[in-house]
Amino acid sequence: MSEKYGTPAFPIRGNVFYGNQGFAMFILVACAVFIAAWEIILRSSLGRLIQFISRANRNRP
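Numbering (the working numbering), first residue to last: 1482 to 1542.
Any given hint could be a false lead.
Computed Cβ-Cβ distance ranges for the label pairs, DEER-style [stated by the list, open to error]:
(1) 1511 - 1534: 42 to 52 Å
(2) 1503 - 1524: 28 to 38 Å
(3) 1536 - 1513: 27 to 37 Å
(4) 1508 - 1487: 26 to 36 Å
(5) 1527 - 1506: 26 to 36 Å
(6) 1501 - 1536: 43 to 53 Å
No lab work stands behind these hints: they were computed from the structure.
Every residue gets a Cβ at the ideal spot worked out from N, C-alpha and C, and that includes glycine.
The task is simple: from the sequences and hints, build the whole structure.
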């Protein structure tokens, strides 16, 4: 980067995505969509599981 400070730990100009900003944006958006979908699916699945467990415990003597 400069002679005074040396090279950064994560070089911006020397990384894989330099010159491929569209690809980097695609990867970023794909990861964000995957995480959002995972949270929605996981939240609904856990909600159903908790309801099932609470109903099963209510029927016990």
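| query | Do the Cβ positions of residue 1527 and residue 1506 conform to the proposed distance bound of 26 to 36 Å? | reply | Holds, since residue 1527 and residue 1506 (Cβ atoms, about 31 Å apart) stay within the stated range.
| task | Hint says 26 to 36 Å; check whether the CB-CB distance for residue 1508 and residue 1487 agrees. | result | At roughly 28 Å between Cβ atoms, residue 1487 and residue 1508 fall inside 26 to 36 Å, so the hint holds.
| Should the hint that residue 1511 and residue 1534 are 42 to 52 Å apart at their CB atoms be regarded as holding? | At roughly 34 Å between Cβ atoms, residue 1534 and residue 1511 fall outside 42 to 52 Å, so the hint is violated.
| Range hint 27 to 37 Å: satisfied by the CB atoms of residue 1536 and residue 1513? | For residue 1513 against residue 1536, whose Cβ atoms are near 35 Å apart, the range 27 to 37 Å holds.
| request: Could you see if the CB distance from residue 1503 to residue 1524 stays within 28 to 38 Å? | output: For residue 1524 against residue 1503, whose Cβ atoms are near 32 Å apart, the range 28 to 38 Å holds.
| Status of the given 43 to 53 Å range, CB of residue 1536 versus CB of residue 1501 | holds, 52 Å
In the structure shown, a violation is registered for the earlier hint numbered 1 alone.
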